[in-house]
Amino acid sequence: MRSPDAVVVYRAPLRPLLAKELRDIVSGRALWTMLLILCPLVGYGFFQAVALYGEASSAARDAPVLAAGLSPLDGVLVPTFGALYLVVTLLFPFVAIRSLGREKETGALRLLVQLPYRVPTLIAAKMTAIFGAWLAALVPAVSALVIWAALGGHLYILETANLAFGHLLYGLLVGAIALFAASISESSATAAIIALAFTIGSWVLDFALAGQPGVLEWVARLSLTQTLRTFEQGLLSIGLLLGIVAAICGFAALSAVWLHPGVPLRTKFVRSIACVAAAAIVLASATRIRTSVDLTEDRRNSFPAADQRALAELREPLLITVHLAAEDPRYVDLRRNVLTKLERVVPRLTIRLATTGQSVVGSSSDEAYGEIDYSYAGRADKSRSTSPREILPLLYALAGRPVPPPAAGEEYPGYPLVAEARPALLWFLGALPLLIVLAWRWLRRAPQIAQPIKDGDQP
Amino acid sequence: MIASVTSILDRPAGHAAVLMQVVGLAKRYGERRALADVSFALNAGEVLGLIGPNGAGKTTLLEAIAGLLPVDDGRILWRGASPALPHRRELMFYLPDGLRPWEDEYVARLLEFFAAAYGRPARITTEAIGALGLAPVLRQRIGALSKGYGRRLMLALALIAPQPLLLMDEPFDGFDLRQTREVMGVVREVARNGRTLVLAIHQLIDAERVCDRFVLLADGRIRGIGTLADLRAQTGMPAGGLEDVFLALT
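Chain order of the listed sequences is A and B. Take 0 as the starting number for the first sequence in numbering that gives the first Met the number 0 and just add one per residue. Take 0 as the starting number for the second sequence in numbering that gives the first Met the number 0 and just add one per residue.
Hints were generated in silico from the structure; no laboratory data involved. Computed from a prediction, not measured in an experiment: that's the story for all the values here. By construction, the Cβ of each residue, glycine as well, lies at the ideal position given by its N, Cα and C atoms. Wrong hints could be hidden among the right ones.
Pairwise CB distance ranges (calculated) [to be verified]:
#: 1; chain 1: A; residue 1: R440; chain 2: B; residue 2: T249; range: 37 to 43 angstroms
#: 2; chain 1: A; residue 1: T286; chain 2: B; residue 2: D218; range: 56 to 62 angstroms
#: 3; chain 1: B; residue 1: R220; chain 2: A; residue 2: V436; range: 41 to 47 angstroms
#: 4; chain 1: B; residue 1: G97; chain 2: A; residue 2: R10; range: 30 to 36 angstroms
#: 5; chain 1: A; residue 1: P260; chain 2: B; residue 2: D211; range: 28 to 34 angstroms
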């Protein structure tokens, strides 16, 4: 029962809290230093990408077949955003940690938790401020896109937005991890070590375990950098989206659990286990969701529309058994060209990798090595091809369906462009950093004081 | 939006006698005992001094009462009921010692933030600024404040916070003699307006001037509770000051 003395604040206003959190993150040097480092990195990445894209475009100028392979997503957008990825991985944790680390170090946290806000509200406000910091970090990359468009470059809005969305999710994930690190650490330095262990540890997972079979493959999938790959390929995967959101919410919830200094350690551990269990359940469910949307203009993740429609009508279970090692380049080809596309469109598809463990390609004693078995509706066939041009007719034959005729006008034209991006370096190395410094000074200006408050006791 | 906030300055005095009880609080840091079976009662509208040397357990006790430190044993009763941890912040506000929070923030903005969070009218903020003489430093960053102004700012936050009970750790540290007297006046005024205060003080002369009752603490244990007259009677020192009484009891 509530005491009659209690100061009942049913809903404290969020706006002052959000404003305070934003000021807190903006007033530190970490954000601005990160932005100043980001400018030349994005600028140089963009300049190099445009130069290389221009070279490729020169060769493709008179060859439509070559031109069709020129997509700004791969050629310019992904390399330009790559600098953002690098900075978010290595520097953004320091910015995010500041939103809580300084409060823990100075003791301000003990005041903060006494304010009439619930702990999850405090964490949500800090995540909002981290989102604001990420938006600021997006400015150089967005300015690169504007310059690209001004140079006459092509931008397909859906794939561009999808890529930016992927980076947003990655940034929020790194921010949530950093916040969690700050909530369990007494100092910002310790929090930074923990957060970087996550982000740089992901790189190690990527390099060391990529292409490994079995459990190692599953462990490699936990790498944070994997979250971006799908978006860079132009796919919006619902399962991946749900998984990343679950991870962000999980780390944010863990931050909330560990924030309040008055909660006993044992209670924090019990609540943490509950959080991890809930996040794990959602993550496990997310891995079962295969729905994804191909947002690329060249539809690289999909078969031609006629094939998509025909394959979607295969209602019986389709079993594909691959006699290839996971690290075999033929398997990599098969996955990229056929299997991942089939996974997106065939309703009841099972893919089995018959060969487990490492094998020395070409010297396998298994005579079936290299074969791919297809089984559908009681009929079976096999092939060694990794090309959809051979595999799709095989599948249609198994299903007793005619090969659909290709639709006209589906060909991706490609967007070759030879442009000189050197002047853009002036923007990234001079004007933009100057604007950032001016913005920093402007945001740090002293506030205007209302006269009655200024006068103190003379209202 | 704030639905209901009770103003510190409008609160009428004269509530029921016992506002809060501390019952058997115990806290250990590893092998070291910080608090052992600490029990006392707090009356509404009084200024209670937690007296003890450095390391006596004053800060630990205040943090435990405020719910900012988990305890090994014991409980807090508010008018006989045990408030859950999240509800304690509705009843009391704890001002830690030596705090210099949000150093990059401007003084005015921090005051505005606290007032806005609690839905306090501008009048309360203005009164706090006036009472503590903060007007000259409103446009200064908190990190740039002198020690004295830093303490005043923290006190201003406590005045803006509307809870009926204020717990303050060493509220007079960092002030010179004149400033200490001024701040004592503010503290007494707050108590006169109906709020209850618990002040952890290691300067016995200051404590004697401002507190109505005392809890003497040493090595995490309570060595005496009562008014100065009670403590004098307890020690058989009818003319003794708080210093003499404290030395006799600890």
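Okay, the hints, checked on the actual structure:
1. In this structure the supplied range 37 to 43 angstroms is violated for R440(A) paired with T249(B), their Cβ-Cβ distance being about 55 angstroms.
2. A hinted range of 56 to 62 angstroms holds for the C-beta pair T286(A) and D218(B), which are about 57 angstroms apart.
3. The given range of 41 to 47 angstroms is broken by R220(B) and V436(A), whose C-beta atoms sit roughly 58 angstroms from each other.
4. About 33 angstroms separates the C-beta atoms of G97(B) and R10(A), a value consistent with the hinted range of 30 to 36 angstroms.
5. For P260(A) paired with D211(B), a C-beta distance near 30 angstroms keeps the hint of 28 to 34 angstroms intact.
Checked against the numbered hints above, the structure breaks hints 1, 3 and satisfies the rest.
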